[in-house]
Structure formats: structure tokens, C-alpha cells
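Student: Below are the chains, spelled out letter by letter.
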Amino acid sequence: MVIHSLVSIVDDDESVRESLPDLLREFGFAAQAFSSAEEFLASEFIGNTRCLILDIAMPGMSGPELQRELALRRQPIPVVFITAHAEEMLERRMQDRGGAACLRKPFSDTALLEALQAALQKN
Amino acid sequence: MDSRFCRVVETLPGLVWTSLPDGQVDFLNQRWRDYTGLSAGETTGWDWQTTVHPDDLPHLRERWDACLASGVPGEAQARLRRFDGAYRWFLLRASPSADAAGDIAGWCGVAVDIEDRVRAETLLAGERRVLEMAASGQPMAAMLDALCRLVEATIGGCRCGVVLLDARGARLEHGAAPGLPEHFVTTIIGRPVTADADPCAMAARLDQQVIVADLASETRWPADGWRQTGLELGLRACWATPIASIHRKVLGVLAIHHHAPRTPAASDQALMEQFTRIAGIAIERAQNDAALKRSEAFLAETRRLSSTGGFSKRVATGEITWSEEIYRIFELDPAVPVTLDLILTRVHPEDLPSFQDMLERQRRGSDYEHDYRLLMPDRSVKYLHVVAHANRGEDGELEYIAAVQDVTQRRLAEDALAKARSELTRVARVSSLGALTASIAHEVNQPLSGIITNAGTCLRMLAADPPNVDGARETARRTIRDGNRASDVITRLRALFGKKDATIEPVDLNEATSEVIALSLSELQRNRVILRQELADDLPRVIGDRVQLQQVVLNLLRNAMDSMSGVADRPRLLVVRTEPDQDDHVRLTVRDAGVGFDPQDAERLFDAFYTTKSGGMGIGLSVSRSIIERHHGRLWAVANDGPGAAFAFSIPERPGGISHALAGGVTDAPDLGAIWTSAVTDARNVIGTT
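Residue numbers (my numbering), protein chains in the order written: chain G, 1 to 123; chain R, 1 to 690.
Hints were generated in silico from the structure; no laboratory data involved. Keep in mind it's a predicted model, so treat the numbers as computed, not measured. Where is the CB? At the ideal position from N, CA and C, for every residue including glycine. Careful: at least some of the hints might be erroneous.
With beta-carbon atoms standing in for the labels, derived distance ranges [as the list claims (entries may be wrong)]:
#1 G:Q75 / R:A441: 32 to 38 angstroms
#2 G:P59 / R:A413: 43 to 49 angstroms
#3 R:G566 / G:P59: 30 to 36 angstroms
#4 R:A441 / G:P59: 17 to 23 angstroms
Which bits of chain G does chain R cover? Going by a derived footprint, with three or more residues having C-beta under 8 angstroms, they are [stated by the list, open to error]:
#5 60-72
#6 102-110
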């Protein structure tokens, strides 16, 4: 039986939580969606999540804050940031923080796949 | 001497006497004896001299000796002592009587009591002296001194003083007391104005005369206070009478002291009334002079500090008078006579048209305010602010009295501030537009992201072997739903920006326009624009949103002003005109003398983001046109025959269905402020074309 790598999605936007898991499964990953950073931290999936697709701006704990929290817990997980904000220099700042990539919404399926593969290889 | 002659002599209203040729008195009538209290034996020969006041005797003797030597009748005035010791003035006349041979057989004379007349004359002369001092602006102390001496001369044997009230009317101050010991005066000064302090304080407090007939038997004050001091100095009576201004305000107290117990007689009361009246005039005059000097000094200092000068101008003759400060502002020699030509050499050439405009207003005789600049010989510029008030003199001639203030420092600061503010506004406008764009982008990008992901997933599911048709159907369904969500975002944004309700009411376009002009006056003046208002009388009201219409007028004024900002070779004339238009419309036209526009651009002017101005966003006219169209009107532009352009709108008086159109549509939100308004408008335009 093939063990699919688990990719977890944390985004407060329902469209993303609905649409991304199907796409990820098409890519061959297992997928879990969470509506907030807190929900993810409380879940049983931290340990086996191979990669996180993380929205930057969310109510409560933001994406970068979740990334820092995981580092403090010594459970670093590769991250692909996504955002609907159009701020310049954002990708660069996120890469400096150790994020594998930062995708602006809307992004294409191939861009997402490339970012995921890059993040997993880095690990 | 026969008895009949004696009876005649005794009935005469005077003191009658006769003497031998050498002057020895041989007869005095009964009246003389009654008056002097001397017996017949005490008054013969030269004994009468003892009744004459010692000060008057030398003069009287001189005159009498001259009469005796020359044999010519003579007269003299002298004070004679009454039986009670009081002296009264008499007019003494002496005539020689001749015997049959024509030699002088003796002298006969009469002394008539002229005390009342002399007293009245002295009083009158004294009063005149004090009033003359007041009129010639003598110091108050000198006037009150003279008055005290007059009182003392008029009411025999008294000592007179004047105390004043301090500015708050709370304490006594020194006025004058030439005949009273300094020690006594210093105890009075500084006493509180209360009834229990002393008679002067009581008189001032109660505004009533206070009579102390005898200090020794007085009971209203304790024996150890002022009474003791007075008694030690030999004073027995004190009459204190308040001195009042013409408005019945107590200024001080006139105090008359006597060395013997005494109650004022009716004649004393009449005199005191007269003296206090004169004292009142003297004090008030001196205080007014002091106040005037203070306010003159104050005014001069204020003028100097505020760089304000004054001028007067008689319009008919053109005669101009300048204050010193204006000469200083214009940097001209005060010896140079002021003429209009001289002033014009200093007026900044760019301000000459508006200066001529001001001269025209002067001829109409209305009050005015005017700002203009001076160009000094060293090429520096001064900003002046003039406030002028028109008067008609008694001769009916029109005269202006005006204040001129050098506001250069203030103006430079204002200009710097305005420049900084407009720069800030531009930056704020751009950055708030950017923030708004980002927020809209975020809202739209979320559903777009879903759409694209779902569409991508859908394609992959269909391409799989076998195709996952159920999954593809589900993702396609989500794609449609996310598309609708994106559309909802746009609808929400429209609702957000359009939620300002319009207020529909009858609007007086003249009044609304005047308000806008009033708000823009300083800006018009700063841009040196000459404004002509041609507002039609009896303009019908229109139904609409007053604030929106005012925004349109303001926008047209601003554009006109901006279009003339570079104009230097002609007056920057701006005409605002209202008039009834055909088909029950009302028209407003703003005509400038600015750069104008190319006729083929007449329509593009109203496009959003079309602008000819470096600082403009190009949205003003497009918003203005949409406002006018919502009023069922029309906004258009026409190039002038000469330089410049005219922008006009015409709106119906009573449009049908306007309230619905105004309230429900996308309208401007004036209460959000210019920056936000512009940003929102820009955003709407973006959304509207998406």
C-alpha cells in the first residue's frame, strides 16, 4: 500500500479549504484542512504532516506565527505560504523566514505543485 | 450837630464818620459803634485804626493821607473787625466839606459793607482759576491744591483737604491738603472706605455728607481713633462732603475742618455744593486725561507691535493722510506727501488690476477689505491687509478711515503651510487609494483562488483514467459558487460606497453658490483672481441635493482658478453667473480667463482620470457630471472666443423621480472629506469598469 505524504492546509477561507484538498489528492498527496492555526495545533496531525500550506493573514494566530510556534516546539514542518494580499516584497520576507515559497492567490495548480515539491525536497 | 441831621445819619445803611481837616475823627455814628463794639470814647482821633485788618491798614492809611494832602475825595476797600472778632470787607469813601471861604473845614465819610460782593467775586475768580487749570490739563494735585486754598479763603478760618478713592473704590488716597499738617494727612491715607473709619470714609461709603460739629462730643467713632489725632491738632469740627462725577460715581471727599465746634450754615452748604462740583470736574478731567494718555500709549505700542498703520482718504479730492507706521511699511520718508501715484509705484505689478478694482469700490463708498502686495525697490515682497471704513463727513464728503497691516510674516507662514498641506493631501490621496485597492484585491482574490483551483482540479479529474466525473461535477459546482461569491464582493463594495443618502430639498442656487464663494474667497484672493458675481435676481429654486450641487460649483471654481494659475499677461477674471434657462431650467456658468482647452477634447474632459493638471486626479469633472445627471441636468464646457473656457450646468426646477435617482445611486459622500471622497470615487470608477 502506498503511503501518501500528508499535506495540511490552514486557511480561514472556505473556498480554499474545499478546493485544495481535492487538488492535492489529484497530485497524490493525502490532505487535511484546518480553518485556523489553533485548530491545527490542537489536532493529531502535527506529527505526520510533511508539508503545510499556510495562509498568511488569518484571524487569531497568523501563518508566520504558526511557523514560529512549530519551530519553538521543535517540530519544524516545511511551509508553502499563500496569500490574497498583493503586498510587494512579501515573498522575499517569507523566504527570509525559512518558508519554501509564497504564492499569491489566485495561483495555478502547477505553481502549487512546484512549490510543494521544492519544499519537500529541501527537507 | 442838630438832631435832625443825627437822625438822618443814624438811619443810613453804613458806618458814617466825620473828621477834622487833619484827619482826626470827631464823630462816628451809632452803627459804627454797634458794629465794632467800641464805645464813643474809644473811637475818636486815630483810634479807629485798631478796627482795620492789619494787612489792609497800610494801604488804607496811604489812601487817606493822599486825600488829606490833596483835598480830593477818595475811596478804598478794607476789612473792618466786627465786635465778635470777624472781619468783613467794607468800601470806605471820604469827601471834604468846605466852609464859606472854600477852605476845607473837615471830612465826612461812609463805610459800606461789601463783604458778600467781595466774597462772591473771590469765589468766582477762584472757581475760574481752577476750571482754567482743568481745561489746560494741569496736574490734578495742583488743581486740588488751588481749590483747597479757595475754600479756605472763602470760608474763613477753615482748613480744607481733598481725599480720593483708589481705582477699586476700596481705600482713601491723597488728593490735596495744603493747610493741614502732614501728620494728620498721612493717618487718613490708606484707610478703608468703611463707615467706621472716619468721616471722609463714611461720606464716600454712604455717598452722603457727614457733619461732625464737635470732635469732642462726637459719639459715632471711638475717642482713640481719628478724633484723638484731630483734637491733638486743635481741630474741633469736620464737614465731609462726597465729590461725585457727572454720572454720580463717588470720586473722593471734600473735608473742611474748623478749630472751633461748628455746624454749617445754609451759606456754607451752598459753598460746599459748589466746591464739590468743581472738585468733581477737576478730578474727572484729570482722570480722563490720564486714561486717554494711557490708551494712546497703548494704541501706539499695539500698532508698532502688530505692524499696523492707519490712513485716511478723501475720495473727492484724493487727499491721503498716512500714519507714521504706514510710511515705515512702505519704506518712504514721512516728509514726502502721499499721492496715489506714489502708492502705485510700490504696488506689485501683478496686483495692479485688483488694486484698481479696489479704487473702483472706494468710489462707490462701501466698506471693504483688501489684500495686496508691495514690490519693494530691493525686489522683496510685502503682503498687506487693508480694512477700510467709509464715512460721510459733515460736509457730505466721502472719507475712508482704514487700517493697514503688514501680514508678510503671517502670509509666508500660511503659504508654506498650504504647500505642505497640499503635498500631504496628494500623498494621502494616493496612499489611501492604494490601501483601498489592496483591500478590494484581497476580497476578490479569495474567490478567484477558489475558482482557479477548482477549475484546475476539475480538469485533472476529467483527464484521469477513468475520469472522476462525480468529483469533476462537484468542483465545477464549486467554481460557479465561487464566481458568484466574487460577484457578491463587488455588490457589497457598491453598497458600501453608495450608502450615503442624498438629501432632497428646494435649493436656492444663488445662496448655495454664495456660500461656496465665501468659503473660497481667501483662496481666490491668494491666487489673485478677480471675481465677478452675476447672480440673477428672483432665480427659481431647484429640487436637489444642496451639498452635491455645492461640490459641483466648488469643483468648477477650483478648475477655473487652477486654469489661471499661470496667467500673468491679463487679469485673472472669474465670472460666476446664474440665470433662468429655457424649459424651466436654471443655469450656472463659471467662466475663466485661463489656459482653456482644445475643442476636440470637450468630451474627454469629463472622462475619469483625464486631466490636464499635473497635480489632478482627473475625477472632479466626471463626478460633477454624474451629480448633475442625477439631477436630470446637463454639464458642458465651451471654449471662450478669447482666452479661457466656460463650464456650465443646467438643471430643471422640478425633475420627476429625482429623489429615487439621487438616493439610490452611486453618489459622492461629501462628509467623508475630500481625500476619502476622491479615493472612493476613484475606486468606484475602477470597479465600475471591471
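Student: It remains to establish, for every hint, whether it holds in the given structure.
Tutor: We went through each hint and held it up to the structure:
no. : hint                               : verdict
1   : G:Q75 / R:A441: 32 to 38 angstroms : holds, 34 angstroms
2   : G:P59 / R:A413: 43 to 49 angstroms : holds, 48 angstroms
3   : R:G566 / G:P59: 30 to 36 angstroms : violated, 53 angstroms
4   : R:A441 / G:P59: 17 to 23 angstroms : holds, 19 angstroms
5   : 60-72                              : violated (count 0)
6   : 102-110                            : holds (count 6)
Consistency with the previously given hints fails for numbers 3, 5, ordered from lowest to highest.
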